[in-house]
Amino acid sequence: HPYASSFSYIIPDASHGLPKQYHGMVFLKNSKAPGKKEHVPGIISGHIKHISAAKLKKEAAAEKAAAEGKKAEEPEPPVEEVLPIVAPEPEKPKEKKPKAAPKDMPQEQLFKIVNIVHGSTKSKSEMVNEFLETFPDVPKSRATANLSSVANKDGNRWMICEEVLKKNPFIEQVANVAWQANTGQKAPPKAKAGGANASLNGFFKVVDKAVEQKGTPV
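In this text, residue positions in the sequence shown follow the numbering used here: the first is -7, and each later residue adds one.
Heads up, some of the hints might be wrong.
[Said to hold, decoys possible] Calculated lysine-lysine pairs in the BS3-like style (CA-CA distance at most 30 Å, straight line):
| id | residue 1 | residue 2 |
| --- | --- | --- |
| 1 | 84 | 158 |
| 2 | 47 | 114 |
| 3 | 50 | 62 |
| 4 | 47 | 12 |
| 5 | 84 | 145 |
| 6 | 158 | 178 |
| 7 | 145 | 178 |
| 8 | 159 | 178 |
| 9 | 159 | 84 |
| 10 | 158 | 145 |
| 11 | 116 | 159 |
| 12 | 114 | 62 |
| 13 | 49 | 21 |
| 14 | 21 | 47 |
| 15 | 50 | 21 |
Since the hints were made in silico from the structure, they are not lab data.
Work out the full structure: start from the sequences and follow the hints.
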């Protein structure tokens, strides 16, 4: 305080008997106080010494410098080397090799499989048996392997793999006709319209007739 010369602090304790409303309060006086204050139970009194702002600033600077000097003398704690944690690289998923028609599968057999399988909900065994009705000389194990190599099951329907469909435009036409026959739905958008059903159905009749007469080599 700029003018106070002494203070009195009321100790917050009921034992001294002073009024409770004054407990914990500080009273300042700016009149000239006696050199020696009388002791009063429950009260702490003292004189206030005025220090100029310049002196306060100087003392604060000295304390700061002393603290910094002490800090500089103290040895720095050893820095613990922290090695970076390197997460293991995730394993790359194995790439599935695209399915393609076996090289030794005759084209007429591939067309027949596409015609039976694409869009069908039958079991693999049923489709293999249907295939063997047209190609009885083909071993059942070979027919099953050939079917598995060109088709996958999507939901409850069998689908010819995209790689096989792209092999040549005629296979895609066969697939479009098979899809219509096996699902009762319109062919996929890429299907060519006009005359495909008649020409392809005729093709399979010729194939079936040729097999009945001469048989087809495996």
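Now the hints, each set against the structure:
Restraint check for residue 84 and residue 158: the C-alpha separation of about 28 Å stays at or below 30 Å, so the hint holds. Restraint check for residue 47 and residue 114: the C-alpha separation of about 101 Å exceeds 30 Å, so the hint is violated. For a cut-off of 30 Å, the pair hint linking residue 50 to residue 62 stands: about 18 Å separates their Cα positions. The suggested pairing of residue 47 with residue 12 is violated, with an alpha-carbon distance near 39 Å, which exceeds 30 Å.
Distance restraint check for residue 84 and residue 145: the Cα-Cα separation of roughly 25 Å lies within the 30 Å cut-off, and the hinted pair is therefore satisfied. Using a Cα cut-off of 30 Å, the hinted pair residue 158 and residue 178 holds, with the two alpha carbons roughly 20 Å apart. Only pairs whose Cα atoms come within 30 Å are accepted, and residue 145 paired with residue 178 is accepted, the gap being roughly 20 Å. Proximity of residue 159 to residue 178 is assessed by CA-CA distance (about 22 Å); at most 30 Å being required, the pair is judged to hold.
Only pairs whose Cα atoms come within 30 Å are accepted, and residue 159 paired with residue 84 is accepted, the gap being roughly 29 Å. Distance check on the hinted pair: residue 158 and residue 145 sit about 18 Å apart at the alpha-carbon level, within 30 Å; holds. Restraint check for residue 116 and residue 159: the C-alpha separation of about 23 Å stays at or below 30 Å, so the hint holds. With a C-alpha separation of about 89 Å, the suggested pairing of residue 114 with residue 62 is violated against the 30 Å cut-off.
Of the supplied pair hints, the one linking residue 49 and residue 21 holds, its CA atoms being roughly 26 Å apart against a limit of 30 Å. At roughly 24 Å between alpha-carbon atoms, residue 21 and residue 47 fall within 30 Å of each other, so this suggested pair holds. Between residue 50 and residue 21 the CA atoms are separated by roughly 28 Å; this keeps the pair inside 30 Å, and the hint holds.
Of the numbered hints given earlier, the model fails hints 2, 4, 12; all others are met.
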